[in-house]
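Enquirer: Spelled out from the first residue to the last, the chains are:
There are 2 protein chains.
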Amino acid sequence: MGMNFLVGQSGGPTAVINSSLAGVYATARQSGAGKIYGMQYGIQGLLDEKLVDLDEKLGSNLSIELLKRTPSSYLGSCRYKLPTPEENEAVYHKLFALFAKYEIDAVLYIGGNDSMDTIAKLSAYGASIGSPIRFIGVPKTIDNDLMLTDHTPGFASAGKFIATITKELICDSNVYDLQSVTVAEIMGRHAGWLAACASLAKGDDCDGPDMILLPEVAFSTSRFLEQVEKIRREKNNIIIAASEGVKTEDGTFLCDLGGESGPLDAFGHKAALSGTSRYLAGLIQQHLGCKTRAIEFSTLQRCASHLTSRIDINESFQVGGAAVQAALNGETGRMSAIIRQSNVPYQSICQTVDVQAVANKEKVIPRSWISEDGTQLTAEFEAYARPLIQGEQLPIFVNGVPQHIRL
Amino acid sequence: MGMNFLVGQSGGPTAVINSSLAGVYATARQSGAGKIYGMQYGIQGLLDEKLVDLDEKLGSNLSIELLKRTPSSYLGSCRYKLPTPEENEAVYHKLFALFAKYEIDAVLYIGGNDSMDTIAKLSAYGASIGSPIRFIGVPKTIDNDLMLTDHTPGFASAGKFIATITKELICDSNVYDLQSVTVAEIMGRHAGWLAACASLAKGDDCDGPDMILLPEVAFSTSRFLEQVEKIRREKNNIIIAASEGVKTEDGTFLCDLGGESGPLDAFGHKAALSGTSRYLAGLIQQHLGCKTRAIEFSTLQRCASHLTSRIDINESFQVGGAAVQAALNGETGRMSAIIRQSNVPYQSICQTVDVQAVANKEKVIPRSWISEDGTQLTAEFEAYARPLIQGEQLPIFVNGVPQHIRL
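Respectively, the protein sequence lines represent chains A and B. Per the UniProt record's numbering: the first sequence = residues 1 to 407. Per the UniProt record's numbering: the second sequence = residues 1 to 407.
You may find that some hints are simply not true.
[What the hints assert, rightly or not] The calculated lysine-lysine pairs, modelled on BS3-like cross-linking and capped at a C-alpha distance of 30 angstroms, are:
1) B:Lys235 <-> A:Lys94
2) A:Lys50 <-> B:Lys235
3) A:Lys235 <-> B:Lys81
[Claimed, not checked] Where chain B lies over chain A, by a calculated footprint (3+ residues, C-beta under 8 angstroms):
4) 117-131
5) 163-176
[Unchecked claim] Now the stretches of chain A that chain B is said to cover, found in silico as 3 or more residues with beta-carbon under 8 angstroms:
6) 34-46
7) 74-85
8) 142-153
9) 248-255
10) 331-343
No lab work stands behind these hints, which were simulated from the structure alone. No residue lacks a Cβ here, since even glycine has one placed at the ideal position from N, Cα and C.
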């Protein structure tokens, strides 16, 4: 009798988190698993016993292909912070009772660093009570801010989309023979990985953004205006790619300087930063007096499954499958990670790492990958990121729009 | 000796305006044209004698393919309002002197209704002075608001992109087991054609937007809140697609109610409406107290050449070619238009129409194509729009991003 699996998705959606789910399901099924359950709406839904039998939902090969092409979390998600056992042991009693009821042998959780925190806590608690259940994390986040994995599934597709629309936006901005400044706002709370991908727009047919503002480089209004003024003397249409997380030396987000602030989420994070591009456009308008516009790339960055990286789709599938394999091998408290083997040609493998060392930490862009003046990325970043956006996975178009699968 | 052509692009960019330029160039070249000049930055650039010899730029077949895949206006654009001869005849003297200098036989102008106004004025002036030069308009606008053409080149690709990202956004919005309202703001100044395309997201895998707000239906706050409240009783996550041009009974744009207003362009149009989605999200937040977010689809709608409609790309090319043919036939003061032959199967042909009857007019969605309560589109709209978004033209990906061509 094969192992019974329970898999959930958590945190913000991405364009490829369902490819990891497909990797978990397909690998578990091919490995002779018993039951494969999905938790609806993550751990929070599990606490309400919202489980689905994935064999009933994903039984056909076409379903797997559609799942790989469906953005957001097929199973639904949550932003539930699992308390420590000291804070609330009853939650653990309830969860482990549910695991027992459904005879779960392995719990796989696909998500970002908060989700890895959940896996770390569950595996630690499981060990403390001598449970044989294996807890494995599957990384996911467009933000690329997880430790111990070369990059995170979801990052490359978001990066490819950002590079593509930045190129298109630059074409759009160059259209009039007028002075103009366009500020594009890109996701990324504390790490600038996604904004940095705007640099990948650059090629023989495109100059790329004139300036990229990252959370890793403290923002100075006077230096910024000097830099814009300098570029303005050389060219007509200026493009600035700005991370939503750009902040001043004292850590104040630009969007808060603009007076626009939002509520905190369950993890104490700012739920939705926005206003950075409008703040910057306002600043330029006020000081330099030229035409400006602010564009937020918005939620599309994380859900544009119509344009994904084939490398990312494949790796997302692989980390899901590798997590199943780790559970079969008896591992627990681990996260399936991507380990880069070489840049040229690009090759990677999956290995597991200690989930405790991933939980609640954030990886930022090394300062040496950013130009001295803080406004461009170096060749090291290009060598790191360019291979990840290679190849495309085409949607299955039905009636003119990409077909998805829903629960 | 073949005819000499001069072609320009004007008004806001689209994802396929360059496909029309490709159609003009390729058809003129194959028809044995003499010189084929492009005006840089439209009529405004022409007045500064900014001309390029297109044979030097577009000589290879690969260039034509890249041109069809490059968004925005390859030649550059302008928003120049040609004065009447009564207002400023010197401009006409200058333009016709330039036509004489370069021995131009036909002037083709790719643009929206303001550009058709330019062609109407030039052809009328030409006739008044007995000039043999032919002036032909080539329609272009994502807004689909031109008269006498079944639809406008550019509309279908923008509509396909909007339908696609609306589908993706709906997946994204359904991810949490929470009450939420998402308001997506879609381009369209006085006509709701683009916002209406959000309805094309609907299919067996997607319910489509719960409500679509159009400029064609006067906005009432109380009715709107009632409608949202009614939907909220039935489902958790609500999606509203709103045209940027939604206005109240007395004609006030919602974005102006929000206190955000913008400057007028050279045609007296509001240059950039924005704030409609934020206004609506604020309204819902205030009255219904649930989680809301406002998303602007922004400039991407008109420059997302990575996802275009194959029908649109082909027709854009054809109207360009048909304009060349009209000039060769000795026509002037005409616009090349798309005439639909049938819906099933979808077939269309190009014919010329009187450009005077197109200039400065706007076509809106028939009220009978909008549901009685004003929040959905009917089967008539579906029958009209669905065929137009069929098929895709794939980008040529180089180094992970779509390759473009630039002047």
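Enquirer: All the hints need checking, so say for each whether the structure fits it.
Expert: A quick look at each hint next to the structure:
1. Proximity of Lys235 of chain B to Lys94 of chain A is assessed by CA-CA distance (about 29 angstroms); at most 30 angstroms being required, the pair is judged to hold.
2. Between Lys50 of chain A and Lys235 of chain B the CA atoms are separated by roughly 18 angstroms; this keeps the pair inside 30 angstroms, and the hint holds.
3. Distance restraint check for Lys235 of chain A and Lys81 of chain B: the Cα-Cα separation of roughly 25 angstroms lies within the 30 angstroms cut-off, and the hinted pair is therefore satisfied.
4. For a cut-off of 8 angstroms, the count of residues in the stretch 117-131 of chain A with a CB near a CB of chain B stands at 0, and the three-residue condition is violated.
5. Given as covered by chain B, the stretch 163-176 of chain A passes the check, having 11 residues with a CB less than 8 angstroms from a CB of that chain where 3 are the minimum.
6. Remark: the stretch 34-46 of chain A is confirmed as covered by chain B, as 4 of its residues place a Cβ nearer than 8 angstroms to a Cβ of that chain, reaching the required three.
7. For the stretch 74-85 of chain A, the assignment as covered by chain B holds, since 4 residues bring a beta-carbon within under 8 angstroms of that chain's beta-carbons and 3 suffice.
8. Coverage of the stretch 142-153 of chain A by chain B is violated [criterion: at least 3 residues with CB-CB distance below 8 angstroms; count 0].
9. Look at the stretch 248-255 of chain A against chain B: 0 of its residues bring a Cβ nearer than 8 angstroms to a Cβ of that chain, fewer than three, so the hint is violated.
10. Coverage of the stretch 331-343 of chain A by chain B is violated. Counting CB-CB distances below 8 angstroms, 0 residues qualify, and the rule asks for three or more.
Checked against the numbered hints given earlier, this structure breaks hints 4, 8, 9, 10; the rest are met.
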